[in-house]
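Below are the chains, spelled out letter by letter.
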Amino acid sequence: MIRKDKILEAGKEIMSRAAIEIPRDYKDGIQQMVEEEEEELSRFVLQSMLENWDAAEEDRRAMCADTGVPRYFVKAGNEAQVEGGFVALEHMLRKATAEATYEIPLRPNRVHPLTRHDNNNNVGINAPEIEFTFEPDADWIDITSVHKGGLFGSDYRMLFPGDGVDGIKKFFLDVLYEFGRRGLACQPAIMGVGLGGSKDISMTLGKQAACLRTVGEANPDPEIAALEAELKEMGNNIGMGPMGFVGKSMVIDCHIEVGYTHTGGMPMSVHSFCLSSRRATARLHADGGIEYRTDPQWFTPYMRRDTIDWSTSETARAAG
Amino acid sequence: MRKVRLKTPITDEDLEGLELGDAVYLDGIVYTGREGVYNRAIGEGIKPPVDLKALTNVTFHCSPAAAVRPDGTYNIGAVTATASFRFAKWLTEWFELSGVKIIMGKGGMSEEDYRKYFVPNKAIYLTTVGYGTGALLGRGITRVKDVLWLDELGIAQAIWVLEVENFGPFLVESDLQGNSLFERENRRTQPMVAKSFEGLKEPALKRYGETTSREDEVV
Numbered sequence: 001m002i003r004k005d006k007i008l009e010a011g012k013e014i015m016s017r018a019a020i021e022i023p024r025d026y027k028d029g030i031q032q033m034v035e036e037e038e039e040e041l042s043r044f045v046l047q048s049m050l051e052n053w054d055a056a057e058e059d060r061r062a063m064c065a066d067t068g069v070p071r072y073f074v075k076a077g078n079e080a081q082v083e084g085g086f087v088a089l090e091h092m093l094r095k096a097t098a099e100a101t102y103e104i105p106l107r108p109n110r111v112h113p114l115t116r117h118d119n120n121n122n123v124g125i126n127a128p129e130i131e132f133t134f135e136p137d138a139d140w141i142d143i144t145s146v147h148k149g150g151l152f153g154s155d156y157r158m159l160f161p162g163d164g165v166d167g168i169k170k171f172f173l174d175v176l177y178e179f180g181r182r183g184l185a186c187q188p189a190i191m192g193v194g195l196g197g198s199k200d201i202s203m204t205l206g207k208q209a210a211c212l213r214t215v216g217e218a219n220p221d222p223e224i225a226a227l228e229a230e231l232k233e234m235g236n237n238i239g240m241g242p243m244g245f246v247g248k249s250m251v252i253d254c255h256i257e258v259g260y261t262h263t264g265g266m267p268m269s270v271h272s273f274c275l276s277s278r279r280a281t282a283r284l285h286a287d288g289g290i291e292y293r294t295d296p297q298w299f300t301p302y303m304r305r306d307t308i309d310w311s312t313s314e315t316a317r318a319a320g
Numbered sequence: 001m002r003k004v005r006l007k008t009p010i011t012d013e014d015l016e017g018l019e020l021g022d023a024v025y026l027d028g029i030v031y032t033g034r035e036g037v038y039n040r041a042i043g044e045g046i047k048p049p050v051d052l053k054a055l056t057n058v059t060f061h062c063s064p065a066a067a068v069r070p071d072g073t074y075n076i077g078a079v080t081a082t083a084s085f086r087f088a089k090w091l092t093e094w095f096e097l098s099g100v101k102i103i104m105g106k107g108g109m110s111e112e113d114y115r116k117y118f119v120p121n122k123a124i125y126l127t128t129v130g131y132g133t134g135a136l137l138g139r140g141i142t143r144v145k146d147v148l149w150l151d152e153l154g155i156a157q158a159i160w161v162l163e164v165e166n167f168g169p170f171l172v173e174s175d176l177q178g179n180s181l182f183e184r185e186n187r188r189t190q191p192m193v194a195k196s197f198e199g200l201k202e203p204a205l206k207r208y209g210e211t212t213s214r215e216d217e218v219v
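From first to last, the protein sequence lines are chains G and F. End of the first sequence = 320 in the working numbering, gap-free, step of one. End of the second sequence = 219 in the working numbering, gap-free, step of one.
Among the hints, a few may not be true.
[To be verified] Covered stretches of chain G, as calculated for chain F (at least 3 residues, CB under 8 angstroms):
1) 22-28
2) 65-73
3) 129-135
4) 217-224
5) 234-241
6) 288-302
[To be verified] So these bits of chain G aren't anywhere near chain F, every CB distance computed over 10 angstroms:
7) Leu8
8) Trp53
9) Ala88
10) Ala316
Derived from the structure by calculation, the hints contain no laboratory data. We put the CB at the ideal spot given by N, CA and C, even for glycine.
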């Protein structure tokens, strides 16, 4: 049985880690970009970001004050038992959000969309979002906190099969360029692409691809992986870098996730995670143990299954 | 790259030598302000509780990640800018009310806005860097001097009056002639960008009202 107080503890800890500590995979990627970037202004931006992350960790303060719209991704093992049930889990994550907002502190970004009323704690109607998925052969629960800015760098478009890969490339470049000018999307960023699914799922997959996969990780489908590499290469060769300055540091990585879609359509979404890519994951065990990491391991073989059944040996391996 | 340190209040002479792309660090007093403040001070015509002109002449489009402790003191963490283009429509009245010489924020405004609003007021715009150096900027705050309209506007929208030291980095985005660093860089990247779109065919379904020129900007 996973205890409620452990969920609260883990929820607050991942809120703090996400806000303050830049994930290693991301920082390594930026360090490599600094070495390859030849333009002075673009280099200055990347160098300033590296200094900023050091300052954040030394001072234990948020790396970016736009602490985004905090949200959670929960992956529950099929055998996991939660004290008070999943309603209690949601309750604890709302409480963790409010307490962490005050204690870290985070910016209370969440307001009512019409009245603009602010509860000053990042909790409100439908906030924070908590998404659930499940994993067979496991009794743990993974909780990932993501803090992503909320205004720029994402878009959706209904493409059609006849538009082909050209359509995908063009829309990707459109988004990159539209929000890359003046650096509105805070690039370089991990770019997430959602292809297929229903319209809303296309958006969801793209968001998850940007926020829940790490730098350097390729999609296991070789055809998709090749397109990921191609989009990344294209994005870094539009002559534009951080803040829209002349340069080439634009896409630190590109992740594509797909969903089976309507036979007549090819919906596509593009999402830019932040220059401060903020994610942290906790795995809660029944014995009260908690392990922390920065790789959400969200897209498991079970998540990407494409028939009625699934390979149990593969999912068992993924579940540890 | 040139690095410049400026002390508030800013004088006309301070700004004369600045060039696009110079890195600037500030000492003195700055205050935050964004849509909540503009709506209240200009839209509703409610006078701010203190004379902003007497305070300093530097303002920042941002809000801090901060909390108010039960004893009324403040815990201020990181500070990061918000996109400025949304605030251009309030600038005529804002310059009159505040007399600011420097506006800082994210992403700048258009050269047209600089020439219309900033140049006549001998003011410039500084952009934050990468838009994520919140911890470095947070470090540059030595004291929260005051928070105005906190009850009325909430933590994210209130006017935070901050004492700062070596507060930066910022980049000079507009000069006294109204030139924009971002627009200069846009013009320089244009040929390469145009090339990367070459040969890609247009999607079958256009979007209603979609701009067809990549010369256009969304801000």
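Comparing the hints with the structure gives:
1. 22-28: violated (count 0)
2. 65-73: Per the Cβ count (3), the hint holds.
3. 129-135: violated (count 0)
4. 217-224: Result for this restraint: violated, n = 0.
5. 234-241: holds (count 5)
6. 288-302: violated (count 0)
7. Leu8: 19 angstroms, holds
8. Trp53: About 7 angstroms separates tryptophan 53 of chain G from the closest Cβ of chain F, which leaves it inside 10 angstroms; violated.
9. Ala88: 26 angstroms, holds
10. Ala316: Non-interface label on alanine 316 of chain G holds, nearest chain F Cβ at 40 angstroms vs cutoff 10 angstroms.
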